[in-house]
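When you get a sec, could you build the whole thing from the sequences and use the hints?
Residue numbers (the numbering used here), protein chains in the order written: chain A, 1 to 113; chain B, 1 to 114.
Keep in mind the hints are simulated off the structure, nothing from the lab.
Any given hint might turn out to be false.
As the list claims (entries may be wrong) - Which stretches of chain B does chain A cover? Using the computed rule of at least three CB atoms under 8 Å from a CB of chain A, they are: (1) 16-24; (2) 105-113.
What the hints assert, rightly or not - Distance windows between CB atoms, simulated: (3) A:55 <-> B:112: 39 to 45 Å; (4) B:8 <-> A:11: 28 to 34 Å; (5) B:55 <-> A:85: 32 to 38 Å; (6) B:39 <-> A:29: 27 to 33 Å.
Said to hold, decoys possible - Selected chain B positions facing chain A (Cβ under 8 Å, derived; list incomplete): (7) 1; (8) 48; (9) 90.
Glycine included, C-beta positions come from ideal geometry on N, C-alpha and C.
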Amino acid sequence: GNSVTQMEGPVTLSEEAFLTINCTYTATGYPSLFWYVQYPGEGLQLLLKATKADDKGSNKGFEATYRKETTSFHLEKGSVQVSDSAVYFCALSDRGGAQKLVFGQGTRLTINP
Amino acid sequence: DAEITQSPRHKITETGRQVTLACHQTWNHNNMFWYRQDLGHGLRLIHYSYGVHDTNKGEVSDGYSVSRSNTEDLPLTLESAASSQTSVYFCASASGGAGSGELFFGEGSRLTVL
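In structure tokens:
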């Protein structure tokens with residue numbers, strides 16, 4: 001079945017550091033890929049997405065590129081802020097699955113001033 | 001503004017009791033989902049619905065049930081609560097269409113089963 005694997009957390013960085021959170025997936029066919037973010041005490045919200053190979057999703061300074069050859073969708077940001085502290089989830093959606101998403105285990109990110 | 005609300009936000013119950021978690025959305029979305037969130041497991045799908053009177057089992061459906069009598073609501077029932085069902089539960093909705101992927105989540109319901 002479909003699955004998503006994220007790098008183990010927690011991740012702690014200083015403000016303005018470069019961020020990478022790794023995500024790899026296993027899926028049949030051509031899934032859509034997503035990053036969701038969960039701020040403390042809130043539900044998840046969509047951060048960015050990519051629907052086909054080589055697409056780059058971007059939002060709020062975060063980027064991720066859909067790499068079919070390596071089955072990866074790593075999240076990056078050039079200069080993190082304290083306000084980026086949250087839990088980040090990588091997810092995939094089978095194209096026929098009508099938003100029935102499969103999530104990774106989540107990576108907790110803490111940014112220190 | 002349209003929204004999705006869950007209630008209660010926090011509940012403590014005892015083993016063996018029936019518990020119902022409510023989910024209400026005002027977007028008129030066809031698709032609704034229930035997930036549970038546990039440390040080390042991320043979010044796992046419990047049940048989902050693609051429209052009125054439609055319900056489907058997800059990855060971890062044992063011990064849970066849902067019903068969809070209207071577009072706005074998808075209540076989640078734990079028939080006989082167990083300590084293994086202590087978790088944070090999230091309801092989500094989406095407008096429909098394969099692959100678009102944006103789910104709108106509620107703020108979660110934290111359930112403790114003693």
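So which of those numbered hints doesn't the model satisfy?
Violated hints (numbers, rising): 1 and 7; every other hint is consistent with the structure.
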